[in-house]
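Peer 1: Sequence:
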Amino acid sequence: MAITGRSCSVIYLTSYLSATNHGSKFGTSTIFAKKKEFIKNQPFFKLNISKSLFARTAIGVLGLGFIDAGYSGDWSRIGVITTQSEELLKVAAFVVVPFCIFLIFSLPNDSDS
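Taking the UniProt record's numbering, the leading residue of the sequence shown gets 1, the next gets one more, and so forth.
These aren't lab readings, by the way, just hints derived from the structure by calculation. Hints are not guaranteed to be accurate.
[Stated by the list, open to error] Derived pair list, reagent style DSS-like, types lysine-lysine, alpha-carbon separation capped at 30 Å:
{"#": "1", "residue 1": "Lys46", "residue 2": "Lys35"}
{"#": "2", "residue 1": "Lys34", "residue 2": "Lys46"}
{"#": "3", "residue 1": "Lys34", "residue 2": "Lys51"}
My request is simple: use the sequences and hints to build the entire structure.
Peer 2: Shown next as structure tokens:
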């Protein structure tokens, strides 16, 4: 039960009909709400992201991963990769990062996002 100022309302977390009373100057009005029916073939969480944007994001993360692995020094310091592998990633970043930038800007835009 939540008490705020003069009003007192009870919050129900059920799937049944719930009534909310709204006080007015001339009386009270009651509003009934129904729970939405879910369609079986429709996804629960519908997020409209275009395939082009998703691909651009993945390519950008790949390029940033090469920069992080090659130039941060953290990966060789904690023993995940050797210092020789880090130097190789640093050199490979000069090729991979411009290629990733080219791919990001060359992918076509989806009009049905």
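Peer 1: So which hints don't hold here, by number, going up?
Peer 2: 3
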